[in-house]
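Protein chains in written order, with this note's numbering: chain A, 2 to 306; chain B, 2 to 306; chain C, 210 to 325; chain D, 210 to 325.
Wrong hints could be hidden among the right ones.
Below 27 Å or equal to it, Euclidean Cα-Cα: the simulated DSS-like pairs (lysine-lysine) are [as the list claims (entries may be wrong)]: (1) B:Lys269 to D:Lys266; (2) D:Lys273 to D:Lys230; (3) D:Lys268 to D:Lys230; (4) C:Lys275 to A:Lys269; (5) D:Lys238 to B:Lys191; (6) D:Lys257 to D:Lys231; (7) B:Lys224 to C:Lys230; (8) C:Lys230 to A:Lys271; (9) C:Lys214 to A:Lys191; (10) C:Lys230 to C:Lys214; (11) D:Lys255 to B:Lys15; (12) D:Lys238 to D:Lys268; (13) A:Lys224 to D:Lys230; (14) C:Lys247 to C:Lys214; (15) A:Lys271 to A:Lys284.
Covered by chain D, per the in silico footprint, the following chain B stretches (three or more residues, Cβ under 8 Å) [stated by the list, open to error]: (16) 82-88; (17) 145-157.
I should point out that these hints are in silico values taken from the structure, not numbers from a laboratory. Ideal Cβ positions, reconstructed from N, Cα and C, are used throughout, including at glycine.
Residue strings, one per chain:
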Amino acid sequence: PSAPRWPLDKSEYKRYGRQLIMPEIGLQGQLRLKNASVLIVGVGGLGCPAAAYLVGAGVGILGLIDGDTVEESNLHRQILHSTGRVGMTKVDSARIALNSLNPNVKLVAHTSHLTPESAIRILQLYDIILDCTDTPASRYLISDTCVLLGKPLVSASALRTEGQLMVLNNPPLRAGDSRGGPCYRCVFPKPPPPESVVTCGDGGILGPVVGVMGILQALEAIKLLTRNAQPPLTSEPMLAQPSDPPSLLIFSAYANPMFRSIRLRTRKPKCAACSAQASVTAKALESGSLDYVQFCGTVNPVDAL
Amino acid sequence: PSAPRWPLDKSEYKRYGRQLIMPEIGLQGQLRLKNASVLIVGVGGLGCPAAAYLVGAGVGILGLIDGDTVEESNLHRQILHSTGRVGMTKVDSARIALNSLNPNVKLVAHTSHLTPESAIRILQLYDIILDCTDTPASRYLISDTCVLLGKPLVSASALRTEGQLMVLNNPPLRAGDSRGGPCYRCVFPKPPPPESVVTCGDGGILGPVVGVMGILQALEAIKLLTRNAQPPLTSEPMLAQPSDPPSLLIFSAYANPMFRSIRLRTRKPKCAACSAQASVTAKALESGSLDYVQFCGTVNPVDAL
Amino acid sequence: MGNIKFSVEFSGGLQDLFGQKKIPIPSDKNEDQIQLPKLLPGESLKLKHVIDGLAAKLKGRNAKLKLFVQGDKGFYEVTPGILVLINDSDWELEGEYEYEIQSGDQVLFVSTLHGG
Amino acid sequence: MGNIKFSVEFSGGLQDLFGQKKIPIPSDKNEDQIQLPKLLPGESLKLKHVIDGLAAKLKGRNAKLKLFVQGDKGFYEVTPGILVLINDSDWELEGEYEYEIQSGDQVLFVSTLHGG
Ligand SMILES: [Zn+2]
Ligand SMILES: [Zn+2]
Numbered sequence: 002p003s004a005p006r007w008p009l010d011k012s013e014y015k016r017y018g019r020q021l022i023m024p025e026i027g028l029q030g031q032l033r034l035k036n037a038s039v040l041i042v043g044v045g046g047l048g049c050p051a052a053a054y055l056v057g058a059g060v061g062i063l064g065l066i067d068g069d070t071v072e073e074s075n076l077h078r079q080i081l082h083s084t085g086r087v088g089m090t091k092v093d094s095a096r097i098a099l100n101s102l103n104p105n106v107k108l109v110a111h112t113s114h115l116t117p118e119s120a121i122r123i124l125q126l127y128d129i130i131l132d133c134t135d136t137p138a139s140r141y142l143i144s145d146t147c148v149l150l151g152k153p154l155v156s157a158s159a160l161r162t163e164g165q166l167m168v169l170n171n172p173p174l175r176a177g178d179s180r181g182g183p184c185y186r187c188v189f190p191k192p193p194p195p196e197s198v199v200t201c202g203d204g205g206i207l208g209p210v211v212g213v214m215g216i217l218q219a220l221e222a223i224k225l226l227t228r229n230a231q232p233p234l235t236s237e238p239m240l241a242q243p244s245d246p247p248s249l250l251i252f253s254a255y256a257n258p259m260f261r262s263i264r265l266r267t268r269k270p271k272c273a274a275c276s277a278q279a280s281v282t283a284k285a286l287e288s289g290s291l292d293y294v295q296f297c298g299t300v301n302p303v304d305a306l
Numbered sequence: 002p003s004a005p006r007w008p009l010d011k012s013e014y015k016r017y018g019r020q021l022i023m024p025e026i027g028l029q030g031q032l033r034l035k036n037a038s039v040l041i042v043g044v045g046g047l048g049c050p051a052a053a054y055l056v057g058a059g060v061g062i063l064g065l066i067d068g069d070t071v072e073e074s075n076l077h078r079q080i081l082h083s084t085g086r087v088g089m090t091k092v093d094s095a096r097i098a099l100n101s102l103n104p105n106v107k108l109v110a111h112t113s114h115l116t117p118e119s120a121i122r123i124l125q126l127y128d129i130i131l132d133c134t135d136t137p138a139s140r141y142l143i144s145d146t147c148v149l150l151g152k153p154l155v156s157a158s159a160l161r162t163e164g165q166l167m168v169l170n171n172p173p174l175r176a177g178d179s180r181g182g183p184c185y186r187c188v189f190p191k192p193p194p195p196e197s198v199v200t201c202g203d204g205g206i207l208g209p210v211v212g213v214m215g216i217l218q219a220l221e222a223i224k225l226l227t228r229n230a231q232p233p234l235t236s237e238p239m240l241a242q243p244s245d246p247p248s249l250l251i252f253s254a255y256a257n258p259m260f261r262s263i264r265l266r267t268r269k270p271k272c273a274a275c276s277a278q279a280s281v282t283a284k285a286l287e288s289g290s291l292d293y294v295q296f297c298g299t300v301n302p303v304d305a306l
Numbered sequence: 210m211g212n213i214k215f216s217v218e219f220s221g222g223l224q225d226l227f228g229q230k231k232i233p234i235p236s237d238k239n240e241d242q243i244q245l246p247k248l249l250p251g252e253s254l255k256l257k258h259v260i261d262g263l264a265a266k267l268k269g270r271n272a273k274l275k276l277f278v279q280g281d282k283g284f285y286e287v288t289p290g291i292l293v294l295i296n297d298s299d300w301e302l303e304g305e306y307e308y309e310i311q312s313g314d315q316v317l318f319v320s321t322l323h324g325g
Numbered sequence: 210m211g212n213i214k215f216s217v218e219f220s221g222g223l224q225d226l227f228g229q230k231k232i233p234i235p236s237d238k239n240e241d242q243i244q245l246p247k248l249l250p251g252e253s254l255k256l257k258h259v260i261d262g263l264a265a266k267l268k269g270r271n272a273k274l275k276l277f278v279q280g281d282k283g284f285y286e287v288t289p290g291i292l293v294l295i296n297d298s299d300w301e302l303e304g305e306y307e308y309e310i311q312s313g314d315q316v317l318f319v320s321t322l323h324g325g
C-alpha cells in the first residue's frame with residue numbers, strides 16, 4: 002500500500018493509544034498497520050491468537066482461510082471459537098469473535114482450504130502471510146507462493162510441548178537474489194517421510210504452547226509492517242532497513258531454558274523455489290502440475306491442506 | 002484438593018483429548034486440573050490470555066479479581082473484552098467470554114481490587130495465584146500473602162516491548178525453610194523509587210508482548226498443577242519432585258534473541274516475608290498495619306492496587 | 210578420541226527416539242555411550258562419526274532408525290525434516306557431515322514440527 | 210585494566226538511560242567509553258568500579274542518575290528495583306559489588322517492570 006496521508010480519527014487514538022505512544026510504533030506505524038492486509042492461513046491453535054492480536058493492533062484487512070468446522074476438541078486451545086459455535090466453520094466463528102473485539106478491521110473470509118490452483122489468486126491480495134497450518138504439504142505450498150509473489154512469510158508450528166517459529170522470505174526479494182531471506186525449501190529441501198509426521202490429533206498439543214507461538218506470529222507481523230515507521234516513508238518499506246538475520250526460535254515448555262534461538266542458513270544456491278534455477282513457477286503452480294500432497298507423501302489421507 | 006477418584010465424563014474426554022494423550026498431562030493430570038482452583042489477580046493484558054488458556058485447559062475453578070471497568074484503550078491487548086462491553090466491569094466481561102469458551106469451569110468473581118484486609122481471605126480459596134497486576138504495591142501484597150498461605154505464585158509483568166516472568170514461592174514451604182522458593186521480596190527487597198515506575202498508560206505496551214507473558218503464566222500454572230501426575234498421587238504433590246531452579250524469563254520483542262533466562266537467587270536469609278525473622282505476618286496484614294501504598298510511595302495516586 | 214567432550218541434544222520429538230533430551234559424550238551412563246571410531250593421531254572426530262554412532266543405537270529398530278537417518282551411501286544421511294545445529298547455528302554454515310567436533314560443542318538435532 | 214574485555218547490557222527501560230542496549234568495554238566509540246580506575250599490578254577490576262563508571266556518565270543529569278544509582282556510602286548502590294546479572298546469574302550468587310570482572314563477562318542491568 003502507498004503511504005497514507007490522512008490521520009487517525011479520535012476513537013482510533015483512544016483505542017490504539019497505548020501502542021501509538023511507543024517509539025517503535027508511533028503514528029506512522031499505526032497508519033502502516035491500518036493500511037496493511039494480513040492473511041492467516043489456518044484458523045486453529047496458531048491462527049486464533051495470531052488473529053486476535055492483529056485485530057487488536059488495528060491492521061486494516063485480515064484474511065482468514067480455513068475449510069474446517071469447529072469441534073469440541075479444538076476448544077482447549079482455539080480460543081476465538083466457543084462451545085456454542087461447535088459445527089460452524091472456523092472462519093465464521095472467528096469472524097464473530099474478532100468483529101466484537103475490533104469492528105474497525107475488515108475481515109475477509111476464505112472458507113475452503115488453500116489449493117495450488119487458488120494460492121496465487123488469494124495470497125496476492127495480502128502484504129504478509131502467516132502460515133498457521135498443520136501439514137507439510139500446506140507449508141511448502143504457502144512458502145512457494147510467497148516466493149513467487151514476493152511476500153514475507155511468518156511460519157510457526159507446534160506439537161505436544163514444543164513450538165517453532167521462523168520469518169521466511171524476508172526480505173522478499175525475487176528468486177535468484179541471494180540477499181533475499183531463505184524460504185521454507187531452503188531450510189527443508191526435502192519433505193519429511195510421511196511416517197515421521199505427527200499431527201496434533203495423534204501427538205497431542207498443550208494449549209499455551211501453540212498459543213505462545215501464534216501470538217509471536219502476530220508480533221513478527223507487526224514488527225515487519227511497522228519497520229522504518231519512524232523515518233520518512235519510502236517506496237520500499239520492506240527493504241529500507243536491514244532485516245534481522247534468519248533464525249529459528251525453538252520453544253520447549255518443559256526444557257530449561259524454554260526458548261532457544263538458532264541462526265539459520267541464507268538462501269540455498271540451488272533452492273527449487275527461490276534460486277536462479279528455481280523449478281517452482283507460477284505457471285506450474287496454477288496449472289496444478291505441482292502435486293504437494295504427492296510430494297510430501299501420505300500415510301493417512303491429508304485432511305487439512 | 003485431595004486425589005480425585007472419579008474419571009472424566011465423555012464430553013470431557015473429547016474436549017481435553019489433545020492434551021490428555023500427552024504423557025506430561027495424562028488422565029491424572031487432567032483430573033488434577035479439574036480439581037484445581039486458580040486465582041487471576043488483574044484481568045488486563047496479562048490476565049485475559051492467562052484466563053483463556055486456563056479455562057481452555059479445564060481448571061476446575063478460576064477466580065478473577067479486578068476493580069476496573071473495560072475501556073476502549075484496553076482492547077488492543079485485552080482480548081477477552083469487546084467493544085460492546087466497554088464500561089462493564091472487567092471481571093464480568095471476562096466471565097462472558099470465558100463461559101462461552103468452556104462452560105465446565107466454575108468462574109468466581111471478585112469485582113474489587115485486592116486490599117491487605119481482603120487478601121488472605123480471598124487467596125486462601127485457591128491453589129495457585131497468578132499476579133497479573135500493574136503496580137509495585139499489589140506485587141508485594143500478593144507475594145506476601147502467598148508466602149503466608151503457602152501458595153506458589155506465577156508473577157509476570159510487561160511494559161512497552163518487554164516482559165518478565167517468575168515462578169515464586171515454589172516450592173511454597175513455610176517461612177524460614179530455606180528449601181522453599183524465593184518470594185518477590187527476596188528478589189526485590191526494597192520497592193523501586195516511585196518516579197522510576199512507568200505504567201502501561203504512560204509508557205505504552207505492545208499487545209502481543211503482554212499476551213505472550215500472560216499465556217506463559219497459564220503454562221507455568223498448568224505445569225505446577227500437573228507435576229508428578231504420572232507417578233501415583235501423593236499427599237504433597239507440590240513437593241514430590243524437585244522444582245525447577247528459580248529463574249527470571251526476560252522477553253524483549255526487538256532484541257535478538259528475544260528470550261533470555263536468568264538464574265535467580267534462592268530465599269534471602271533475612272527476607273522480611275519468607276525468612277525465619279519475617280516481619281510480615283498474617284496479623285499485621287489483616288490489621289491493616291502494612292501500608293503497601295505508602296511502602297512503595299506514590300508520585301501519581303495509585304489507581305490499581 | 211582424546212579428551213573431546215561435547216553433547217548431543219534432541220528436540221521436536223527426536224528425544225523420544227533416544228529416550229532423552231541430552232546426552233553428554235562421553236557419558237556417565239553405560240547405556241548412553243555411543244560408539245565412536247578409533248582415531249589415529251592427528252585425525253579428527255567429525256559429525257558424521259557422531260551420526261553413525263547415534264544410528265548404531267537404533268539398530269534393529271528399523272522404524273525408529275528411519276526417523277533419524279536414511280540411505281546408505283557409505284555413511285548415513287540425516288532424515289529430511291531434521292535440522293542439525295552446531296552451537297545454535299545451522300550446520301550448513303559449519304560444514305555439515307565433515308564438521309570437526311570441538312570440545313564443548315553442542316550438537317542439536319531438531320525435527321521440524323507441523324502441527325498448528 | 211590490562212586486557213579485560215567485557216560488556217554491559219541494559220533491559221527493562223534502563224537502555225533509555227544510556228542510549229543503548231549494549232556497551233562493549235572497552236568500546237570502539239569514544240562517547241561510550243566509561244571511566245574505570247587505574248589498577249595496580251595484581252589489583253582486580255570489580256563490579257563496583259563499573260557501576261561508578263556508568264554512574265559518572267549520568268553526572269549532571271540528576272533525575273536520570275537516581276534511576277540507576279542511589280546514596281553515597283563511599284560508592285554508589287544500585288537503585289532498588291534493578292536486578293544485576295552476571296553471565297545470566299543473579300549477582301547475589303556471585304559476590305555483588307565485590308565481584309571481580311573476568312574477560313568475556315556479560316553484565317546485565319534489568320529494571321523490573323510493573324505493567325500488566
Ligand atoms: Zn528457497
Ligand atoms: Zn522472601
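Results of checking the hints against the structure:
Simply put, Lys269 (chain B) and Lys266 (chain D) have alpha-carbon atoms about 32 Å apart, too far for the 27 Å limit, and the pair is violated. A hinted pair counts as satisfied when its Cα atoms are at most 27 Å apart, and Lys273 (chain D) with Lys230 (chain D) qualifies at roughly 16 Å. With a C-alpha separation of about 19 Å, the suggested pair Lys268 (chain D) and Lys230 (chain D) falls inside the 27 Å cut-off, and the hint holds. Distance check on the hinted pair: Lys275 (chain C) and Lys269 (chain A) sit about 25 Å apart at the alpha-carbon level, within 27 Å; holds.
Between the alpha carbons of Lys238 (chain D) and Lys191 (chain B) the distance comes to roughly 35 Å, so the proposed pair goes past 27 Å and is violated. Only pairs whose Cα atoms come within 27 Å are accepted, and Lys257 (chain D) paired with Lys231 (chain D) is accepted, the gap being roughly 18 Å. Using a Cα cut-off of 27 Å, the hinted pair Lys224 (chain B) and Lys230 (chain C) holds, with the two alpha carbons roughly 18 Å apart. Between Lys230 (chain C) and Lys271 (chain A), the direct Cα distance comes to roughly 33 Å. Violation of the 27 Å bound is thereby established for this hinted pair.
About 32 Å separates the Cα atoms of Lys214 (chain C) and Lys191 (chain A), which puts this hinted pair outside 27 Å; it is violated. The straight-line distance between the Cα atoms of Lys230 (chain C) and Lys214 (chain C) is roughly 17 Å, inside the 27 Å bound, and the hint therefore holds. At roughly 60 Å between alpha-carbon atoms, Lys255 (chain D) and Lys15 (chain B) are farther apart than 27 Å, so this suggested pair is violated. Proposed proximity of Lys238 (chain D) and Lys268 (chain D) is supported: the alpha carbons are some 19 Å apart, at most 27 Å.
Distance check on the hinted pair: Lys224 (chain A) and Lys230 (chain D) sit about 18 Å apart at the alpha-carbon level, within 27 Å; holds. Between Lys247 (chain C) and Lys214 (chain C), the direct Cα distance comes to roughly 15 Å. Compliance with the 27 Å bound is thereby established for this hinted pair. Between the alpha carbons of Lys271 (chain A) and Lys284 (chain A) the distance comes to roughly 20 Å, so the proposed pair stays at or under 27 Å and holds. Interface restraint, the region 82-88 of chain B with chain D: violated (0 residues with C-beta to C-beta distance below 8 Å; minimum three).
A stretch counts as covered by a chain when three or more of its residues have a beta carbon under 8 Å from one of that chain; for the region 145-157 of chain B and chain D the count is 1, and the coverage is violated.
The structure is inconsistent with the numbered hints 1, 5, 8, 9, 11, 16 and 17, although it conforms to all the rest.
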